[in-house]
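Full structure from sequences and hints, please.
Chains as they are written, first to last, in numbering that gives the first Met the number 0: chain A, 0 to 492; chain B, 0 to 737.
Heads up, none of these hints are tricks.
Straight-line alpha carbon distances no greater than 30 Å define the calculated BS3-like cross-link-like pairs of lysine-lysine that follow:
#1 B/Lys489 x B/Lys500
#2 A/Lys33 x A/Lys359
#3 B/Lys694 x A/Lys304
#4 B/Lys453 x B/Lys542
#5 A/Lys29 x A/Lys359
#6 B/Lys692 x A/Lys304
#7 B/Lys53 x B/Lys68
#8 A/Lys304 x B/Lys575
#9 A/Lys109 x A/Lys359
#10 A/Lys107 x A/Lys33
#11 B/Lys453 x B/Lys371
#12 B/Lys697 x A/Lys158
#13 A/Lys158 x B/Lys575
#14 B/Lys363 x B/Lys27
#15 B/Lys681 x B/Lys692
#16 A/Lys55 x B/Lys68
#17 B/Lys593 x A/Lys158
#18 A/Lys107 x A/Lys359
#19 A/Lys107 x A/Lys158
#20 A/Lys304 x B/Lys697
#21 A/Lys158 x A/Lys29
#22 B/Lys593 x B/Lys575
#23 B/Lys500 x B/Lys53
#24 B/Lys586 x B/Lys575
#25 B/Lys542 x B/Lys457
#26 A/Lys107 x A/Lys29
#27 A/Lys158 x B/Lys586
Since the hints were made in silico from the structure, they are not lab data. Predicted model, so just to flag it, every value in this text is computed and none were measured.
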Amino acid sequence: MIVNNLPALIVVVPLFGTYLTLMLGVKHRKSSSKIALVSTGLLVVFTGFLAAMVAKNGEVFYHFGGWNPPWGIEFVIDRISAFFLLIVSSIGFLIVVFGSGTLESEVKPKIIHYYYALFLVLIASLIAISASNDIFNIYVFLEISSVAAAALVAVQGNKLSIEASVKYLILSTLGSGAFLFAIANIYMVTGHLNLSFIASKLPEAFSLYPLNVLASLGLVLVGLTIKAALYPLHVWLPDAHGSAPTTSSAILSGLVVKVYIIVFIKIIFRVLPPEYLNKVPLEFSLLLMSTLGIFIGSILAMRQKDIKKMLAYSTVAQVGYIFLGIGLLTYNGLIGSLLHILNHAIMKSMLFLSAGIIIKLTGRRRVDSLNGIGRVYPLPMIAFSLGALSMVGIPPLNGFVSKWYLGLGALDGGQVFYVIVLLVSSFLNGLYYLPIVIRAFFGPDSGIQKPESLSVGVSLSLIILSVSTVFFGFFSSIPLEYLAPAVSALFGL
Amino acid sequence: MGSTSSLPLLMAMLPMLGSVAVHFVGQKNEKLRDFLVAAISGATFLISIALFLKVRETIVVFELPWFLKFGLRFNVDFISGLFSLIVSLVWFLASLFGFEYMAHEHSRTRFFTYFIFTLGATLGVFLSGDLFSLFMFFELMTFSAYVLVIHEEDNASLHAGDVYLYMSVFGGLCLLAVVFFLEHAAGTTEFIPLLEQIIASGFSPWLLLGFVIFGFGVKAGMIPLHIWLPKAHPVAPSPASALLSALMIKTGAYGFVRFLMTIFTPLSNEALWVYSEHFGYVFLWIGAITMFIGAIMGILNNSLKKILAYSSISQMGYILFSLGAGTFLGTRGAVGFAGAWMHMINHAFFKSFLFLLAGAVYLKTHELDLRKLGGLRNVMPWAFGFFLIAAAGITGVPGFNGYVSKILIHEAILEAYHLVGWESLLWLERIFVVTGGLTAAYITKLWVSIFLGKKGEKSLQVTTDISVAHRAVFGIYSAIILVIGVFAQKMVNSLVIPATKIYRFDVHDLEHLTHVPFWHGAELAGPVLSYVIGISALLIVSKVGSKLKIPEWLSVEYIAYWIWHRLEDLAIFGQKIYVHLMLLIRKIIYWGAKVAIEVPVKFREFGRRVVAFRIQIDFRRFKNLILSLRKFRKRFEVEEIKRKTMVARKYFSKDSLKLKVRLKARSAKDSLKELEQELIEKIEASRMQRIQKRKQQKELLKEKIDDSYWNTINISFDSLIVALVIAIALLVFLSVAL
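Spelled out as structure tokens, the structure:
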């Protein structure tokens with residue numbers, strides 16, 4: 000019973016958790032973190048089971064209410080979705096574990112149960128987006144996720160965060176609008192909302208209404224790149240990620256940005272017939288935007304003085320990497336970008352969490368004021384350093400692996416230029432990450448005294464994330480072998 | 000082919016894992032830690048002997064295919080075996096030297112932890128069987144050696160460490176690019192001839208060579224990629240700088256050997272040897288420039304360790320030069336390769352010897368400036384003797400090891416000239432001879448100014464010679480230098496000729512190597528000539544040297560920084576344009592709004608009541624809002640002025656009150672002047688305080704403006720407008736322009 004309904008349960012569990020936090024949170028505020036912990040923990044188990052099931056039996060289909068597509072809503076969980084589901088649930092779980100120790104200092108205790116409710120809604124929407132095969136259903140959860148994410152940004156209630164979240168809302172509404180128009184166009188020409196049916200009808204529709212299909216493709220591109228913060232549509236991201244509470248920044252940078260990329264991959268590779276890919280300048284525009292994003296994101300990150308803002312700009316650059324891998328349209332490139340989704344989720348959430356805990360403990364946000372912190376608070380700074388080195392792409396950390404596949408993908412496509420882009424941007428990453436690491440461990444002290452002890456949740460989540468940074472460097476074959484059949488199926492290999 | 004053995008893995012991993020033990024033992028017991036360090040490096044040395052005995056007969060291969068999914072591959076042939084033997088021997092000696100040297104330093108445990116870890120990483124570089132494994136160990140070495148460089152943690156060493164780290168990361172990334180290319184072109188990064196595959200893949204070998212030069216050249220201290228070297232080597236503690244200079248920069252040379260001698264050679268297509276010729280010619284010039292400029296900079300410097308660091312650059316120039324000569328001649332370049340290889344071995348010994356000697360001198364005097372040293376001959380006779388041996392080694396006096404390799408290098412360039420007959424090759428030979436002279440010059444300068452002459456201010460406090468342990472270490476070094484120098488031909492037969500197996504050298508040339516004219520009159524005259532050149536150069540420099548100053552803009556670092564600053568200016572200029580554009584957009588919007596508000600108002604003033612009534616009311620309300628805002632601001636300003644005047648009044652009245660009280664208290668006659676003085680002082684002090692405060696405020700404001708300057712781009716809603724514009728443009732582009 001549970002096994003058969005797993006695809007529905009993974010959405011229902013966090014939603015039910017939301018309900019519980021809101022109900023119980025009124026009386027027992029402290030219970031909300033436990034409920035979040037339990038529901039995300041349960042989610043990890045479920046998605047892990049689901050991933051194993053997908054690996055064993057192939058894709059899992061689930062029809063809601065017994066209505067078959069094209070009438071009913073369908074969930075299709077293939078290897079890529081299962082992979083991303085597992086990332087969402089486990090990183091989300093670790094963030095909740097981290098938050099159980101520190102969230103009280105950042106969010107008012109009065110509204111902490113609302114915070115957890117929003118968090119769980121966000122996770123539910125991420126899961127539904129990546130599992131759903133129905134484009135309108137995706138749209139609905141897309142909206143839910145943007146509203147929840149904007150609320151998670153604004154939750155601190157100060158001027159900066161509200162401004163950031165308003166900006167985020169405006170731009171993501173624009174993105175959703177574009178996506179909705181695209182859906183309308185597609186529905187008009189194909190008569191379907193289910194992705195598989197659209198895929199089967201699209202060649203016919205394309206010959207009849209080429210303009211509509213192309214326009215909807217453009218709208219999808221714009222809508223999803225706004226939400227995924229690909230340069231130059233990234234303007235909302237640095238503010239939103241920089242001014243949100245730590246846990247929100249971690250989930251926003253680590254997971255939320257990427258779910259749109261998963262949707263994009265679905266639409267580009269599964270729905271659009273491969274021969275039409277060459278008819279649109281998709282490759283060109285993706286490569287151009289991502290290259291610009293990688294460079295300008297890195298350069299702007301170098302100029303930042305606030306550490307969280309720096310990390311946010313670094314996310315802009317890293318999103319550029321992921322889109323670069325997609326835009327190369329080669330097997331290795333797509334593998335590289337999918338691996339980077341995993342690796343960046345680990346690295347960036349670790350970086351944001353460790354930066355957040357350092358800010359909380361020392362009250363220092365400026366990049367140049369973090370001298371000697373590694374000696375006072377070794378664990379957060381070691382986690383930060385691991386993440387930073389991984390960002391630079393030092394083997395055997397996990398960032399190196401995804402960079403490796405992206406580079407191979409670029410060479411497979413015969414584009415040497417993008418190898419150089421990758422290497423130069425790694426160097427730029429080094430230029431802004433390494434000084435922090437160096438000054439934290441060597442050189443003069445900053446006069447921070449008497450370390451407060453870290454809470455168990457914080458240490459635990461940081462340790463797990465650090466270990467997984469190293470683990471997925473050494474054993475990159477685990478995600479790789481999991482993804483390989485799905486990706487080669489996408490390329491028809 | 001070859002035998003499988005886990006010795007290479009053991010050799011690389013023992014120090015790396017041992018470093019963890021060193022770290023934990025060092026927290027508890029320093030004696031035990033020192034013992035452990037010696038034991039680990041000694042054990043590594045023993046393993047390397049065992050490995051070397053094996054690789055004399057066959058190639059030792061070991062593979063961990065699961066590692067990082069690409070596999071960790073060890074492939075130890077004669078070159079790798081011999082050089083890893085040298086690495087572990089020198090490391091062992093340096094660690095023996097280091098215990099006494101480090102005794103007065105801080106954070107000793109950290110030093111020894113990374114010291115031992117770096118041994119493993121460096122050995123890994125030499126033992127790796129493919130470029131990917133080499134790259135991994137290369138990066139590990141870079142990062143662990145960083146800790147050795149910045150050991151002092153003062154500004155100079157941190158700066159040097161930064162330069163070192165960034166340049167090394169840059170080099171590492173270039174190496175990664177090479178890995179990418181090879182993996183793509185050939186599907187393997189092993190050290191086998193791959194030139195055909197590289198050309199078949201459509202990428203130019205020149206592009207790849209460029210990446211290789213940048214990748215290994217940074218580590219090898221090749222000019223103009225050398226800037227980190229004279230900064231980083233002198234600031235590190237002596238045992239570390241000995242290893243940095245003697246062994247770690249050899250990883251660069253080793254990489255070049257592997258690339259020029261195997262990867263960039265064709266497997267069967269003989270027409271492709273032309274690439275070797277071109278690459279070799281490039282390397283001849285790179286080597287010549289590097290050795291010449293390095294030697295010149297060595298003469299012009301006055302710091303003991305800095306001279307040695309520049310000397311390392313110069314000696315790396317010799318190696319690259321000889322390697323170039325060998326590559327230039329293709330299969331006939333056996334002598335060139337032999338020269339490079341022999342010099343790599345020799346330089347490893349005499350340079351680490353010299354650095355350790357510098358450390359021994361520093362241990363006694365705590366001074367590296369040559370002008371403050373001098374006259375130590377009588378106090379430190381042992382050090383003086385050892386220094387002469389090392390100096391004879393580096394300058395190539397017959398009977399010492401440098402002579403052997405210099406003769407080989409000289410033979411190589413002459414052979415190239417005889418075979419090809421280009422005029423430029425003769426010039427290169429001349430540069431080589433002159434550089435030999437310059438080497439003699441800076442080494443003579445070193446030992447003359449340390450040991451001879453009057454006692455400098457810092458050498459007065461020295462009373463004792465180097466300790467017995469150090470004498471033992473230096474004794475081993477001297478023995479090695481002398482043995483290689485005296486039994487030159489035997490050494491060539493046993494160390495160089497087996498190493499030539501990596502390449503398909505002409506049999507005739509290998510024959511030539513078995514009877515190198517080491518003891519002919521013409522060759523023996525070479526060192527005499529170089530000493531004549533050297534001493535005359537030294538005399539010229541000592542006369543003119545103080546007046547001679549190299550202009551700053553000639554230094555590579557200056558040029559690099561200049562370019563960086565111009566780029567930064569450009570970026571700031573771009574940002575300014577962006578900000579001004581935003582301001583312009585804002586102004587346009589503002590003016591638009593203003594016109595929209597004012598035009599109806601004017602219409603009304605003209606008595607034309609055509610405009611709809613409702614709109615008027617709305618705008619009137621808007622106008623009222625602006626007016627009230629203005630009023631509020633005015634009121635606020637008035638309040639502010641009032642508050643300020645209140646404060647001012649209070650301040651003045653308080654002071655004058657005090658004055659009155661004091662006037663009353665003291666008799667007018669003697670206190671008036673005093674009071675006046677006091678008052679003047681007080682006013683002065685308060686003035687100064689105010690200036691200080693204003694300055695601070697200014698700085699704060701500046702910082703704030705600076706902050707907001709960059710933040711305008713992020714926070715303002717202007718960027719939103721831009722994003723919208725771009726989004727719409729994209730839409731148009733994608734859906735209509737097709």
